[in-house]
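Engineer: These protein sequence lines are chains E and L, in that order. Numbering of the first sequence is given in the numbering used here, commencing with residue 1 and proceeding in unit increments. Numbering of the second sequence is given in the numbering used here, commencing with residue 1 and proceeding in unit increments.
Calculated from the structure, these hints are not laboratory results. The structure presented is a predicted model; accordingly, all values stated were derived computationally and were not measured. Every residue, glycine too, gets a C-beta built ideally from N, C-alpha and C. Careful: at least some of the hints might be erroneous.
Cut-off 27 Å, straight-line C-alpha distance, at most; resulting in silico cross-link-like pairs (DSS-like, lysine-lysine) [to be verified]:
no., chain 1, residue 1, chain 2, residue 2
1, E, Lys86, L, Lys123
2, L, Lys123, E, Lys45
3, E, Lys121, L, Lys123
4, L, Lys121, L, Lys29
5, L, Lys121, E, Lys29
6, L, Lys106, E, Lys123
7, E, Lys49, L, Lys96
According to the in silico footprint, chain L covers these stretches of chain E (three or more CB under 8 Å from chain L) [stated by the list, open to error]:
no., segment
8, 41 to 54
9, 105 to 116
Spelled out from the first residue to the last, the chains are:
2 protein chains.
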Amino acid sequence: MLLTAWLLALMAGGSAAAQPSNQVVHLAKLEIYPAQLESYQAALKEGIKTALRVEPGVLTLYPVADRANPTRITILEIYASPAAYKAHLQTPHFLKYKNGTKVMVKSLELVETVPLLPGTKVK
Amino acid sequence: MLLTAWLLALMAGGSAAAQPSNQVVHLAKLEIYPAQLESYQAALKEGIKTALRVEPGVLTLYPVADRANPTRITILEIYASPAAYKAHLQTPHFLKYKNGTKVMVKSLELVETVPLLPGTKVK
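Start from the sequences, fold in the hints, and give me the full structure.
Structural biologist: Printed below as a string of structure tokens:
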């Protein structure tokens with residue numbers, strides 16, 4: 001089942017070359033319990049690194065912490081397509097992150113957005 | 001004076017190869033007056049395209065609008081260094097954007113952040 005999800009993710013990655021208009025772009029806004037911040041960051045980084053490595057359809061996951069309040073974390077998430085996003089949610093590394101950090105997350109808001117300049121890269 | 005600022009921006013771009021730890025990363029959170037949204041978006045896009053083209057030290061400016069409330073705009077800003085950021089603020093294209101959109105912006109919050117995985121790209 002997890003292998004299937006992973007294969008689906010790889011296949012959905014084929015749409016990495018999809019039109020930018022098909023992209024799914026989110027801002028995830030989290031607040032983490034202070035005592036869990038270090039553990040949370042470790043799990044987040046591991047999950048993101050794996051996703052970027054094995055999922056062509058995960059175009060980026062760019063996490064930042066507010067400098068003045070590091071328990072507030074924002075992640076810019078760009079997926080190549082709805083299929084790539086759906087597949088990501090079923091990957092073993094995402095499920096490990098999601099289940100492993102559940103108790104560390106005080107709040108999560110997932111904001112659906114429209115990219116104003118889709119296709120913009122990071123140099 | 002504007003030419004000098006532009007040259008400074010180009011020079012600061014030399015730090016595009018700087019260590020990620022030296023990067024300046026912001027989340028700009030804006031609310032735009034609804035009647036001005038189209039004009040604002042045009043000015044924003046023009047300013048960003050120019051910055052990305054002529055300033056090597058502007059690593060990205062990635063703008064998104066909340067899908068449910070498009071007058072709320074967030075920009076992930078990544079500069080190669082404090083010098084690159086400072087130079088950007090003095091470029092003709094930034095000043096044109098800033099002065100030209102002043103009356104369109106209902107509110108602006110600039111959040112200083114720490115990138116948790118600096119060096120992350122967009123595929």
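Engineer: Go through the numbered hints given earlier and state which of them the structure violates, listing their numbers in rising order.
Structural biologist: 6, 7
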